[in-house]
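One letter stands for each residue in the lines below.
2 protein chains.
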Amino acid sequence: MSDSVPITIIPITGLPEITPGDPIGTMIAEQIDRQAEGLQAGDIVVVTHKIVSKAEGQLVELETVSPSPLAAAFASRHGKDARQVEVVLRESRRIVRMDRGHIISETRQRFICANAGVDASNVESGIVTLLPRDPDASARRIREALADGREDFGVIITDSFGRPWRNGIVNVAIGVSGIAPLADYRGQHDPSGHELRSTVLAVADELASAAELVMHKLQAVPVAVIRGYQWQVTCEPGTGQDLVMPADRDLFR
Amino acid sequence: MSDSVPITIIPITGLPEITPGDPIGTMIAEQIDRQAEGLQAGDIVVVTHKIVSKAEGQLVELETVSPSPLAAAFASRHGKDARQVEVVLRESRRIVRMDRGHIISETRQRFICANAGVDASNVESGIVTLLPRDPDASARRIREALADGREDFGVIITDSFGRPWRNGIVNVAIGVSGIAPLADYRGQHDPSGHELRSTVLAVADELASAAELVMHKLQAVPVAVIRGYQWQVTCEPGTGQDLVMPADRDLFR
Numbered sequence: 000m001s002d003s004v005p006i007t008i009i010p011i012t013g014l015p016e017i018t019p020g021d022p023i024g025t026m027i028a029e030q031i032d033r034q035a036e037g038l039q040a041g042d043i044v045v046v047t048h049k050i051v052s053k054a055e056g057q058l059v060e061l062e063t064v065s066p067s068p069l070a071a072a073f074a075s076r077h078g079k080d081a082r083q084v085e086v087v088l089r090e091s092r093r094i095v096r097m098d099r100g101h102i103i104s105e106t107r108q109r110f111i112c113a114n115a116g117v118d119a120s121n122v123e124s125g126i127v128t129l130l131p132r133d134p135d136a137s138a139r140r141i142r143e144a145l146a147d148g149r150e151d152f153g154v155i156i157t158d159s160f161g162r163p164w165r166n167g168i169v170n171v172a173i174g175v176s177g178i179a180p181l182a183d184y185r186g187q188h189d190p191s192g193h194e195l196r197s198t199v200l201a202v203a204d205e206l207a208s209a210a211e212l213v214m215h216k217l218q219a220v221p222v223a224v225i226r227g228y229q230w231q232v233t234c235e236p237g238t239g240q241d242l243v244m245p246a247d248r249d250l251f252r
Numbered sequence: 000m001s002d003s004v005p006i007t008i009i010p011i012t013g014l015p016e017i018t019p020g021d022p023i024g025t026m027i028a029e030q031i032d033r034q035a036e037g038l039q040a041g042d043i044v045v046v047t048h049k050i051v052s053k054a055e056g057q058l059v060e061l062e063t064v065s066p067s068p069l070a071a072a073f074a075s076r077h078g079k080d081a082r083q084v085e086v087v088l089r090e091s092r093r094i095v096r097m098d099r100g101h102i103i104s105e106t107r108q109r110f111i112c113a114n115a116g117v118d119a120s121n122v123e124s125g126i127v128t129l130l131p132r133d134p135d136a137s138a139r140r141i142r143e144a145l146a147d148g149r150e151d152f153g154v155i156i157t158d159s160f161g162r163p164w165r166n167g168i169v170n171v172a173i174g175v176s177g178i179a180p181l182a183d184y185r186g187q188h189d190p191s192g193h194e195l196r197s198t199v200l201a202v203a204d205e206l207a208s209a210a211e212l213v214m215h216k217l218q219a220v221p222v223a224v225i226r227g228y229q230w231q232v233t234c235e236p237g238t239g240q241d242l243v244m245p246a247d248r249d250l251f252r
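As they're listed, the protein sequences go chains A and B. Quick note on numbering: numbering that gives the first Met the number 0 labels position 43 of the first sequence as 42, and the sequence is numbered without any gaps. Quick note on numbering: numbering that gives the first Met the number 0 labels position 152 of the second sequence as 151, and the sequence is numbered without any gaps.
Worth flagging that the hints you see were computed from the coordinates, not collected in a lab. Hints are supplied without guarantee of correctness; some may be wrong.
Heads up, the list lumps identical chains together, so a pair's fine if it works in one copy or across two of them.
Unchecked claim - In the DMTMM-like style, the derived pairs of lysine to aspartate or glutamate whose C-alpha atoms are separated by at most 25 Å in a straight line are:
1) Lys79 to Glu194
2) Lys79 to Glu62
3) Lys79 to Asp183
4) Lys79 to Glu16
5) Lys79 to Asp249
6) Lys79 to Asp247
7) Lys79 to Asp189
None of these values were measured; they are calculated from a predicted model.
Turn these sequences into a full structure, and let the hints steer you where they fit.
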């Protein structure tokens, strides 16, 4: 038998346009108080990185950027803004693919994704947003602002990444605080008695994807609260970096 | 402002051990009646492929399998069961990587994943499960069994796939019926007036991941109902194959 209970995903709205220096942790806390009856035991607060990047001033005005020859050549070949390509290259530590108009690279934060997380959507024209410099630290700060004496909740910061082999982007976790991003079933036994040997679930990514379902791209829903997810509050919490595959195990570097 | 409303993910339990020929659509319908007050407008019913494969007899007894020399060599080098490796090769139409004990291949169903979806967990010892032969057809049949005159709901069949570059597996959609697996925002404008140029969300994969949060690997929760997700019932429904990246756009074949 199962002790599973329903999960609720609550959209949190009402945040104003975020500008550098805004105390978004406190601002999110206020809206959770209003719209979700305050934080509750086991809640996971999922925050789209866009508002975190804005609050942290991770913004670049394109008119301040001088494209390198590589950026200029790639941009002109593929009809892109050379300054934005330059920002992508600056945010990258290693290029995985630079082909057919796409740049897939390893970011400063060690994620492998398209355009190094540099994005022109949901921000003023002429400005691009970068990923938070250290998304785990950002998650930690938001968690501290939300805590109010509580320990039994988690914070996840998300971005939408494409995937090899599959169409479309999905929300994933880039920063994590307070919860274990991976649920490791290895060594446990399924109901048939079979030992699970390679089952490590990226639950933080699944939580990020679940939250996206109430966020929608065109609406102002930058935060969601996931309530009722049965996780082990006592397990060792981890970071968003735990979700990055180590180089020596990656067949697709 | 947002018209987002909360989403609920309801675990559906109480299915017996499934055997070939079981009418799982009807069996799931009975449990949804009991545990979710019946199907409601906009519901997404998410079904783990394992029970679908069992009901469809997509099972192989390993003692009936004679490994090829390739399977035997790979298995002996990496401490694996040569017969299971042979089944993986038979379920594959193309090998993407066969390295460090891993087989990443394109399955008969055109998904690229580890071990061609062949799995020894949650099934009797000596038997492995395959993916459903045509997961979209399976989703369609389950949807027909659930419909009872209703049109405004979707069915998704899932498996857990690993991903390049990221640790852990996540639930994804391999079969879809009644809903559009991709939400295409291209050409629409964000609140800042910026035209979204490459935003196609793989919502069926996000729904699959969300459902996994109530499923857990060690418990008997093979089905979840996602209620309250705001999707366009009127949009053109699609299939799980829409989630497969076309070869000419795939940088990582």
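Evaluated hints:
Taking CA atoms no more than 25 Å apart as the test, Lys79 paired with Glu194 passes between copies only; the shortest distance there is 14 Å, against 51 Å inside one copy. Taking the shortest Cα distances, Lys79 and Glu62 sit within 25 Å of each other inside one copy (15 Å), while across copies they are farther apart (57 Å). With identical chains, the CA atoms of Lys79 and Asp183 are at most 25 Å apart between copies only, with a shortest distance of 21 Å across copies and 42 Å within one. Neither within a single protomer nor between protomers do Lys79 and Glu16 lie at most 25 Å apart by alpha-carbon distance, with minima of 27 Å and 55 Å respectively.
Taking identical chains as interchangeable, the C-alpha atoms of Lys79 and Asp249 lie at most 25 Å apart only when they sit on different chains, with a minimum of 20 Å there against 30 Å within one chain. Proximity of Lys79 and Asp247 under a CA criterion of 25 Å is satisfied inter-copy only: 21 Å between copies versus 34 Å inside one chain copy. For a Cα distance limit of 25 Å, the shortest separation of Lys79 from Asp189 across copies, 20 Å, qualifies, whereas the shortest one inside one copy, 51 Å, does not.
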